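Participant: Residue-level listing of the chains:
Protein chains: 2
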Amino acid sequence: MAAWSERLAGVRGVLLDISGVLHDSGEGGGVPIPGSVEALARLKRSQLKVRFCTNESQKSRGDLVGLLRHMGFDISEDEVTAPAPATCLILKERGLRPHLLIHDGIRSEFAQIDTSNPNCVVIADAGESFSYQNMNKAFQVLMELDNPVLISLGKGRYYKETSGLMLDVGAYTKALEYACGIKAEVVGKPAPGYFQSALQEMGVESHEAQ
Amino acid sequence: MAAWSERLAGVRGVLLDISGVLHDSGEGGGVPIPGSVEALARLKRSQLKVRFCTNESQKSRGDLVGLLRHMGFDISEDEVTAPAPATCLILKERGLRPHLLIHDGIRSEFAQIDTSNPNCVVIADAGESFSYQNMNKAFQVLMELDNPVLISLGKGRYYKETSGLMLDVGAYTKALEYACGIKAEVVGKPAPGYFQSALQEMGVESHEAQ
Numbered sequence: 009m010a011a012w013s014e015r016l017a018g019v020r021g022v023l024l025d026i027s028g029v030l031h032d033s034g035e036g037g038g039v040p041i042p043g044s045v046e047a048l049a050r051l052k053r054s055q056l057k058v059r060f061c062t063n064e065s066q067k068s069r070g071d072l073v074g075l076l077r078h079m080g081f082d083i084s085e086d087e088v089t090a091p092a093p094a095t096c097l098i099l100k101e102r103g104l105r106p107h108l109l110i111h112d113g114i115r116s117e118f119a120q121i122d123t124s125n126p127n128c129v130v131i132a133d134a135g136e137s138f139s140y141q142n143m144n145k146a147f148q149v150l151m152e153l154d155n156p157v158l159i160s161l162g163k164g165r166y167y168k169e170t171s172g173l174m175l176d177v178g179a180y181t182k183a184l185e186y187a188c189g190i191k192a193e194v195v196g197k198p199a200p201g202y203f204q205s206a207l208q209e210m211g212v213e214s215h216e217a218q
Numbered sequence: 009m010a011a012w013s014e015r016l017a018g019v020r021g022v023l024l025d026i027s028g029v030l031h032d033s034g035e036g037g038g039v040p041i042p043g044s045v046e047a048l049a050r051l052k053r054s055q056l057k058v059r060f061c062t063n064e065s066q067k068s069r070g071d072l073v074g075l076l077r078h079m080g081f082d083i084s085e086d087e088v089t090a091p092a093p094a095t096c097l098i099l100k101e102r103g104l105r106p107h108l109l110i111h112d113g114i115r116s117e118f119a120q121i122d123t124s125n126p127n128c129v130v131i132a133d134a135g136e137s138f139s140y141q142n143m144n145k146a147f148q149v150l151m152e153l154d155n156p157v158l159i160s161l162g163k164g165r166y167y168k169e170t171s172g173l174m175l176d177v178g179a180y181t182k183a184l185e186y187a188c189g190i191k192a193e194v195v196g197k198p199a200p201g202y203f204q205s206a207l208q209e210m211g212v213e214s215h216e217a218q
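Chains A and B supply the protein sequences, listed in that same order.
Per my numbering, numbering of the first sequence is gapless, rising by one per residue and ending at 218.
Per my numbering, numbering of the second sequence is gapless, rising by one per residue and ending at 218.
Treat the hints loosely; a few may be bogus.
Each pair may be met inside one copy or between any two copies, as identical chains are not told apart.
List of simulated lysine-lysine pairs, DSBU-like, C-alpha gap at most 35 Å [to be verified]:
(1) Lys57 x Lys145
(2) Lys191 x Lys52
(3) Lys100 x Lys52
(4) Lys191 x Lys168
(5) Lys191 x Lys163
(6) Lys145 x Lys52
(7) Lys168 x Lys145
(8) Lys197 x Lys163
(9) Lys100 x Lys197
(10) Lys52 x Lys163
(11) Lys191 x Lys100
Bear in mind the hints are in silico, worked out from the structure with no lab data behind them.
From a predicted model like this one, the values you see are computed outputs, not experimental measurements.
Start from the sequences and build out the full structure, keeping to the hints where you can.
Facilitator: Next up, the structure:
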């Protein structure tokens, strides 16, 4: 294996995931992954720029950063690229007024968004809020639109919590896609535009990042 | 248009759908479609064999037939091909013990089926029972199997009730297929084997049926 200095030649910035990299999520925010607090601290002391790129869509950035800081991580809200604020930019740019099928924990991220008379649906990892009634409401909103737009915060199949495997937003997005005969727009990893926006915010070109 | 006698040359039997053909479903069982009670009575008086082929998966055959008879239709339970009893035959043949993600209204159809230590999942139009918790449980059962088998009672996208459009089983089946990376086996229309079993029960070959 090449030495670190060699492997990092030309690298100016590092994009880090959060869940499964810094911590394992679960009840009460989960637990830090052994060694990750110190590893992040070392990165921060280095010459490298550091940014976090997450698909977290159950918690606001503020709540997520609060939890991580409580665990000892050196992280601030403006270092985090998350799908909800990225979606808000898109909604404003395109004049979209969403019906929100989301977890209450992330609702504050959409506080500045006009949700009257919806002309699109935004779906996130709603967890227990993925009731039949809520899914059906989102479905009916889409079916009433001439040009149904469905924006999905990520397309994960499932994730692991300390209590076991949990269905993620991608599964429910597939359900709406099939029922309506449409294709969702994904905001979050692995969409290339999402990584690109994180790099821009870090001020680093893609070939300079790890 | 050719005369009826010409169009029916060689036809010995008629397969009829139920929902949307005999009645529109909805609160309290829905309402008969105008003219359908009399049309069925005429068919029954003719030389043609008549059988009903439905994807109904919220009500047992007994409950469904009871509702239809109450509306004035000449129909009996043993004239109905429905996905739940067809699924029970498959489960018994293959030694499958299902975890049932179904509506309570159809649970009686599975009374004779061993559901201990499940080695497959059966999904039907569960309606309000499509909670996150119930979907996640079915997902976890599938993920714990070496060879996950998912049997879906139909693959409908949605259906119309008197109160509006409702998400059907197909949407939720897609969610589980995507999350688990598997393909469901469909018991119900439009699976050719399902029509075939209805024809066999009627004692008519496919070229002799309408």
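Participant: All the hints need checking, so say for each whether the structure fits it.
Facilitator: Here's how the hints hold up against the structure:
{"no.": "1", "hint": "Lys57 x Lys145", "result": "neither (43 Å within a copy, 42 Å between copies)"}
{"no.": "2", "hint": "Lys191 x Lys52", "result": "neither (40 Å within a copy, 45 Å between copies)"}
{"no.": "3", "hint": "Lys100 x Lys52", "result": "within (33 Å within a copy, 61 Å between copies)"}
{"no.": "4", "hint": "Lys191 x Lys168", "result": "both (26 Å within a copy, 22 Å between copies)"}
{"no.": "5", "hint": "Lys191 x Lys163", "result": "both (12 Å within a copy, 18 Å between copies)"}
{"no.": "6", "hint": "Lys145 x Lys52", "result": "neither (45 Å within a copy, 41 Å between copies)"}
{"no.": "7", "hint": "Lys168 x Lys145", "result": "both (28 Å within a copy, 14 Å between copies)"}
{"no.": "8", "hint": "Lys197 x Lys163", "result": "both (8 Å within a copy, 30 Å between copies)"}
{"no.": "9", "hint": "Lys100 x Lys197", "result": "within (21 Å within a copy, 43 Å between copies)"}
{"no.": "10", "hint": "Lys52 x Lys163", "result": "within (30 Å within a copy, 52 Å between copies)"}
{"no.": "11", "hint": "Lys191 x Lys100", "result": "within (21 Å within a copy, 38 Å between copies)"}
Violated hints for the displayed structure, listed by number in ascending order: 1, 2 and 6.
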